[in-house]
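The chain contents come next:
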Amino acid sequence: MRPALSVVLLTTLIGAGQGLFLALFTVQSYALVGLLPPIAGAAFYLQGSVIALALLAGGLVASFFHLGRPERAWRSAMQWRTSWLSREVIVLPAFMAAVSLYAAAHGLGWTQAVVVLPPGLPIDASVLAGALGTALAFALFVCTGMIYACLRFLAEWHTPLTPLNYILLGGASGFTLAAGLAALSMPTLVGFLSGWAILITLLAAIGRIASLWRNARLTPRSTVQSALGVKHPAVVQRSQGFVGRSFNTREFFHGAPVRRLRLAKHTFLVLAFAVPVLLLAAGRNAASAALMLGAFVVQFGGLLIERWFFFAQARHPQNLYYQAVS
Amino acid sequence: MSRRQLALVIDLNVCVGCHACVTSCKEWNTAGAAGPMADSNPYGADPSGTFFNRVQTFEVGQYPHTETVHFPKSCLHCEDPPCVPVCPTGASYKREEDGIVLVDYDRCIGCKYCAWACPYGAREFDEHDKVMKKCTLCVDRIYDIRMPEADRKPACVKACPTSARIFGDIHDPHSEASRAIRENGGYALMPEWGTQPANHYLPRRTTRIRIHDDELVRSDNPLRVEGHLPKPSADVATLDDASW
Numbered sequence: 000m001r002p003a004l005s006v007v008l009l010t011t012l013i014g015a016g017q018g019l020f021l022a023l024f025t026v027q028s029y030a031l032v033g034l035l036p037p038i039a040g041a042a043f044y045l046q047g048s049v050i051a052l053a054l055l056a057g058g059l060v061a062s063f064f065h066l067g068r069p070e071r072a073w074r075s076a077m078q079w080r081t082s083w084l085s086r087e088v089i090v091l092p093a094f095m096a097a098v099s100l101y102a103a104a105h106g107l108g109w110t111q112a113v114v115v116l117p118p119g120l121p122i123d124a125s126v127l128a129g130a131l132g133t134a135l136a137f138a139l140f141v142c143t144g145m146i147y148a149c150l151r152f153l154a155e156w157h158t159p160l161t162p163l164n165y166i167l168l169g170g171a172s173g174f175t176l177a178a179g180l181a182a183l184s185m186p187t188l189v190g191f192l193s194g195w196a197i198l199i200t201l202l203a204a205i206g207r208i209a210s211l212w213r214n215a216r217l218t219p220r221s222t223v224q225s226a227l228g229v230k231h232p233a234v235v236q237r238s239q240g241f242v243g244r245s246f247n248t249r250e251f252f253h254g255a256p257v258r259r260l261r262l263a264k265h266t267f268l269v270l271a272f273a274v275p276v277l278l279l280a281a282g283r284n285a286a287s288a289a290l291m292l293g294a295f296v297v298q299f300g301g302l303l304i305e306r307w308f309f310f311a312q313a314r315h316p317q318n319l320y321y322q323a324v325s
Numbered sequence: 000m001s002r003r004q005l006a007l008v009i010d011l012n013v014c015v016g017c018h019a020c021v022t023s024c025k026e027w028n029t030a031g032a033a034g035p036m037a038d039s040n041p042y043g044a045d046p047s048g049t050f051f052n053r054v055q056t057f058e059v060g061q062y063p064h065t066e067t068v069h070f071p072k073s074c075l076h077c078e079d080p081p082c083v084p085v086c087p088t089g090a091s092y093k094r095e096e097d098g099i100v101l102v103d104y105d106r107c108i109g110c111k112y113c114a115w116a117c118p119y120g121a122r123e124f125d126e127h128d129k130v131m132k133k134c135t136l137c138v139d140r141i142y143d144i145r146m147p148e149a150d151r152k153p154a155c156v157k158a159c160p161t162s163a164r165i166f167g168d169i170h171d172p173h174s175e176a177s178r179a180i181r182e183n184g185g186y187a188l189m190p191e192w193g194t195q196p197a198n199h200y201l202p203r204r205t206t207r208i209r210i211h212d213d214e215l216v217r218s219d220n221p222l223r224v225e226g227h228l229p230k231p232s233a234d235v236a237t238l239d240d241a242s243w
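Respectively, the protein sequence lines represent chains A and B.
Residue 21 in numbering that gives the first Met the number 0 sits at position 22 of the first sequence, with consecutive numbering throughout.
Residue 161 in numbering that gives the first Met the number 0 sits at position 162 of the second sequence, with consecutive numbering throughout.
Just so you know, nobody snuck in bad clues.
Distance ranges between label pairs, derived from CB positions:
hint, chain 1, residue 1, chain 2, residue 2, range
1, B, GLY193, A, ALA286, 51 to 61 Å
2, B, TYR42, A, PHE64, 24 to 34 Å
3, B, LYS129, A, GLY300, 25 to 35 Å
4, B, THR161, A, HIS157, 34 to 44 Å
5, A, ALA39, B, ASP79, 50 to 60 Å
6, B, LYS129, A, VAL324, 18 to 28 Å
7, A, ARG213, B, THR161, 45 to 55 Å
8, B, LYS129, A, PRO36, 52 to 62 Å
To spell it out: a stretch of chain B is covered by chain A in this simulated footprint if at least three of its residues, at any positions, have a beta carbon under 8 Å from a beta carbon of chain A; those stretches are:
hint, segment
9, 43-49
10, 63-70
11, 86-96
12, 183-195
Chain B residues, not near chain A, derived (Cβ > 12 Å throughout):
hint, residue
13, ARG3
14, GLU26
15, LEU101
16, SER162
17, SER174
18, ALA179
19, THR206
20, HIS211
21, LEU215
22, ASP234
23, ALA236
24, ASP239
In case anyone wonders, no lab produced these hints; they're calculated from the structure.
Glycine included, every Cβ here is placed at the ideal spot set by N, Cα and C.
Based on the sequences and whatever the hints tell you, model everything.
This is how it looks when you write it as structure tokens:
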């Protein structure tokens, strides 16, 4: 497939936004049950959720550039019963609304307990918004992943590893960003958040390497024989019926040489996983915001390449019909 | 499953790869109610355009034992179309009454997800209208009562000089299309995905005549020289001499 910049940006930006929000609410939940010392003030949460919202909005804007008719985008919420894309279109704004509520709850100081749970846990509006946002963040990861995983003849995507990796990769970049923000404004959380960021980045590396390992061993189910219904072992295309270009020759071919594909794979393995883990570990010891934020920048760049590779690697069976111009 | 299922049956044994179906399809549909199927740079160095139908050519076997297969390809109007459920707007749909898979060009947002979901590459994005387009089985033609009944067929079927394209309802066992599939080994493309394409293809068929040696020589050939047979001698009784 040809990677579209709009979709690469959409999936990486909202992934980081979701991960960052999950990191914020993880901190709040831990502090709520006393596993972390109470966080003084709401500035950290407010700052973090505004940045998460900005990332989500950036992804949403990018997604419009993928549409031929963006003015009709509202129609895409219609078929949520069957289409994962439609579900994503519903869940993304819902999640943004939950993050806005979460930001408002912290920013406006809605701290009166709405309900007190048995062991004496005060549940205020921010906790409710956070719990709702967490559910929606995971729902959004699943929707994004399933858009690709549900296409059964794109074998590289048709695996539970696809939604799992969207969760892990988005989570990794979000927690790394949260660690960077903590290094700037909330140094007491640096150890906690960078620990999580390193753990999730390592898990994401395992998940992504597992999918690379799986994809390297796939044999395409469709062959030129099944595409034509001709059973002879030697079938070659002599003409695709036109010498110009068409949608079919543009959309489904990345056009990059195998060498560049391999380079992209090795680059993202280094930039999205190896370097960020080292930078996070170094930043954790040196308590350096520059190292932490550098880890996020490098990781996000690595994830852009990872997403490019994710699309480029998928081999669409329609390409069997477009093997030779003439 | 829709009650009727209109479809094309394409006879690869007959197709000569003349592209008449391609040009007549483009001609009819670019002038049709759905608006032009615009081309970019049609006479320039790098032309690109939207077509509902393409004819491709494949070579089967190894020289000198090769065979050329001309392969017309358009939307197969699958009975279980994978492109329909993925559409976020409902612009892509399959008609209950005749099984034609259509795109509502006024509702399509041009996200191209349906094209990703079609294993056959049957859908083409129109770079001018910015919506997804595909074969309509000439839905604006086959029901047009102002046309003579013989013309109420897809433009490609009307254009084919060798009658390689048969149009009909494949759920009606007595239709010409069903009979062609049944009697000539009609098959579906990429059956491994379970899409149940409505369009079928008839395979290339080789007709061989088996001739035995004795068929080359007429046993009652009047020109044969009788002398080749041993003559009975005069003193031996013949059947005529028998006295029973």
